[in-house]
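Asks: Sequence:
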Amino acid sequence: MSAKKTPVLTSAAPKPLPGIYSQAIKAGGFVYCSGAVAMDAETGKIVEGGIKEHTHQCIKNLTAVLEAAGTTIDNVVKVNVFLSNMDDFAAMNEVYTTYWGDIKPCRTCVAVKTLPLNTDVEIECVAVQ
13 MSAKKTPVLT
23 SAAPKPLPGI
33 YSQAIKAGGF
43 VYCSGAVAMD
53 AETGKIVEGG
63 IKEHTHQCIK
73 NLTAVLEAAG
83 TTIDNVVKVN
93 VFLSNMDDFA
103 AMNEVYTTYW
113 GDIKPCRTCV
123 AVKTLPLNTD
133 VEIECVAVQ
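The sequence shown lines up with residues 13 to 141 when you count with my numbering.
In case anyone wonders, no lab produced these hints; they're calculated from the structure.
Be careful, since some hints might not be right.
[To be verified] With a straight-line cut-off of 30 Å between C-alpha atoms, the simulated DSBU-like cross-links for lysine-lysine are:
1. LYS17 to LYS38
2. LYS90 to LYS17
3. LYS125 to LYS72
4. LYS27 to LYS16
5. LYS17 to LYS116
6. LYS64 to LYS125
7. LYS90 to LYS64
8. LYS125 to LYS57
9. LYS38 to LYS57
10. LYS57 to LYS90
11. LYS125 to LYS27
12. LYS38 to LYS90
13. LYS17 to LYS72
14. LYS116 to LYS90
15. LYS27 to LYS57
16. LYS38 to LYS16
17. LYS57 to LYS72
18. LYS16 to LYS125
19. LYS90 to LYS16
20. LYS116 to LYS72
All of these numbers come straight from a predicted model, not from anything done at the bench.
Using the sequences and the hints given, assemble the complete structure.
Replies: Laid out in structure tokens, this is it:
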């Protein structure tokens, strides 16, 4: 028996590549969000600035997808952060920690060789519906 999966699509976040992936999938009481980069949904370009501005934009994009799925960033239980340079770890955390209260989601943060569009951060998450 296959699980019921419902794709999530919103124009408030960057469009996914057609036929490649969904912005998110709702399944089993959870919302699984694809990785978000610091792309502006209207312009299709990476926002100006450095790691702090890029982290804000990634989380803004995830927030839009989560809201389209009927949940909020407060319901996030797991986050994966991908950095192109671990020297950005502290600055990314300065922004990241402002988005959650006392109970932070579980998180993994790793350095990767490159990210799409040569950006410096990509963030994905899982939330409870």
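Asks: For the pair supplied as a hint, LYS17 and LYS38, confirm whether the alpha-carbon distance does not exceed 30 Å.
Replies: With Cα atoms ~6 Å apart, LYS17 and LYS38 stay inside 30 Å; holds.
Asks: Hint check: LYS64 vs LYS125, CA-CA at most 30 Å. Holds or violated?
Replies: holds, 19 Å
Asks: Between the alpha carbons of LYS125 and LYS57, is the straight-line distance 30 Å or under?
Replies: Holds: LYS125 and LYS57 sit about 21 Å apart, inside 30 Å.
Asks: Between the alpha carbons of LYS116 and LYS72, is the straight-line distance 30 Å or under?
Replies: holds, 17 Å
Asks: Next pair to validate is LYS90 with LYS64; report whether the Cα-Cα distance is within 30 Å.
Replies: Roughly 20 Å between the alpha carbons, so the hint for LYS90 and LYS64 holds.
Asks: Keeping to a limit of 30 Å between CA atoms, is the pair of LYS17 and LYS72 held or broken?
Replies: Holds, at roughly 24 Å.
Asks: Holds or violated: LYS90 and LYS17, Cα atoms, limit 30 Å.
Replies: holds, 19 Å
Asks: Hint check: LYS125 vs LYS72, CA-CA at most 30 Å. Holds or violated?
Replies: With a Cα-Cα distance of about 24 Å, the restraint between LYS125 and LYS72 holds, given a limit of 30 Å.
Asks: Holds or violated: LYS57 and LYS90, Cα atoms, limit 30 Å.
Replies: holds, 27 Å
Asks: Within a Cα-Cα threshold of 30 Å, do LYS38 and LYS16 meet the stated pairing?
Replies: holds, 8 Å
Asks: Are LYS116 and LYS90 close enough, with their CA atoms no more than 30 Å apart?
Replies: holds, 9 Å
Asks: Keeping to a limit of 30 Å between CA atoms, is the pair of LYS16 and LYS125 held or broken?
Replies: violated, 35 Å
Hint check: a violation occurs at hint 18 only; the rest are consistent with the structure.
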